[in-house]
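Peer 1: Sequence:
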Amino acid sequence: MSHGAAPKPATARRSENLAGSVTIPGDKSISHRSFMFGGLASGQTRITGLLEGEDVINTGRAMSAMGAKIRKDGDTWIIDGTGNGALLAPEAPLDFGNAGTGCRLTMGLVGVYDFASTFIGDASLTARPMGRVLNPLREMGVQVEAAPGDRLPVTLRGPKTPAPITYRVPMASAQVKSAVLLAGLNTPGITTVIEPVMTRDHTEKMLAGFGAALSVETDAAGVRTIRLEGRGKLTGQTIAVPGDPSSTAFPLVAAILVPGSDITIRNVLMNPTRTGLILTLQEMGASIEILDPRLAGGEDVADLRVRHSELRGVTVPEERAPSMIDEYPILAIAAAFAKGDTVMHGLEELRVKESDRLSAVANGLKLNGVACVEGEASLTVTGRPDGKGYGTPGGQAVKTHLDHRIAMSFLVMGLAAENPVTVDDATMIATSFPEFMDLMTGLGARIDATA
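Reading the sequence shown from the start, the letters are residues 1 to 451 in UniProt numbering.
Take these hints with a grain of salt, some might be off.
What the hints assert, rightly or not - Capping the alpha-carbon separation at 25 Å, the derived lysine-lysine pairs in DSS-like fashion look like this:
hint, residue 1, residue 2
1, Lys233, Lys205
2, Lys339, Lys366
3, Lys399, Lys388
Said to hold, decoys possible - Now the in silico label distances, taken between C-beta atoms and shown as ranges:
hint, residue 1, residue 2, range
4, Asn135, Pro259, 29 to 37 Å
5, Glu418, Glu139, 50 to 58 Å
6, Pro148, Met171, 34 to 42 Å
7, Lys339, Met171, 28 to 36 Å
8, Arg151, Gly209, 29 to 37 Å
9, Gly232, Ala92, 47 to 55 Å
No lab work stands behind these hints: they were computed from the structure.
Here a beta-carbon is modelled for each residue, glycine too, at the ideal position from N, C-alpha and C.
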């Protein structure tokens, strides 16, 4: 979606008997990092299963602008990297569109280089705060020029010699942790990140796979200390990207909510830092069968058989939030059809996603007849298992705020609601899950995009 693309509303209607077997596009987090680490490594990296959404492609373009050679041959992406420490100064601003992960991680990667790099994005990304990444970079000696509130556009210029730091991550954020580690790649000495609450660990796993000198220690309280030795050699790898659990969440919840459904979702990443939604849905009574658990490229992968289920409300443990932070919008939809209250705490991170996701979800639920209470960092949803009265017969649209997960979540809601559910724009779904419409309608979902 270009920054000025016209909004394209979409409407979902009550469906039945979702059926079939689908393979989810590649994991977004791993896809971003595959382009970045492949672009930085010496030699060749070959990637299959890459998510070809706009967010990831923008990360690939940024790496190309800094000297990596990236091409596609059939289903395989082939990257000839620059070698660690050898990125080139980009000749133009790096445009990340809607990609918060790509933008923040690349700021870490290139910010410590002794040249200027400028970061821009679409209206949604430009509104999102970048200070959480810029502050540790400042500690390493990076000069930062940013719009008010540490927002885009941002220009970074590294020092002659960056200083390694020990950084305790102040919030549960894989992006902040990763940005500091990536800055450490081109910093002499040992860069240390202390992570009080574990978040997705793809950066650590993949850096080790590419040959970085990296160690992880976890103390008795669960606090992780990650040490990275800077200016080492990274070597190109072969990567098979497993299916994205955050994208899996949409057909998964749809099958649980739509009567008569029985679907199989293949090749899903089951990294324990990413499976909070599946665990929560199982606690609510969802029928999710984990088939053929296996290892692929150092990551846990499995197939999931999902059937229509009666759900009951639960209180989601606050400490589970980092393992399902992107899945709370779709969990809120599931909760709308559960018996009783579902209580979610520890949601402050949702305020700084593609939109203020907490308010966007609460407002969308209320518009469609769902009782909910929005707190500063919490959401309580009171469900109706039959979906009676849900939806908007008058066609009022949920405001998506350029947020792909808000759009997809409410389209799933419409598949089980009494009345249709409309979202004001579905074009941005292409940023993370361009196959969403075809995949869902192929299972039997009634979703119509409006011209």
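Peer 1: Look at each hint and say if it fits the structure.
Peer 2: Evaluation of the provided hints:
As the CA atoms of Lys233 and Lys205 are separated by approximately 16 Å, the hinted pair is consistent with the 25 Å bound. As the CA atoms of Lys339 and Lys366 are separated by approximately 17 Å, the hinted pair is consistent with the 25 Å bound. Of the pairs offered as hints, the one joining Lys399 and Lys388 holds, with about 22 Å between alpha carbons and a cut-off of 25 Å not exceeded. Range check, Asn135 to Pro259: about 50 Å between beta-carbon atoms, so the 29 to 37 Å window is missed.
In this structure, Glu418 and Glu139 meet the distance hint of 50 to 58 Å, their C-beta atoms being roughly 54 Å apart. For Pro148 paired with Met171, a C-beta distance near 21 Å fails the hint of 34 to 42 Å. In this structure the supplied range 28 to 36 Å holds for Lys339 paired with Met171, their Cβ-Cβ distance being about 33 Å. In this structure, Arg151 and Gly209 meet the distance hint of 29 to 37 Å, their C-beta atoms being roughly 34 Å apart.
Between Gly232 and Ala92 the C-beta distance comes to about 30 Å, which lies outside the given range of 47 to 55 Å.
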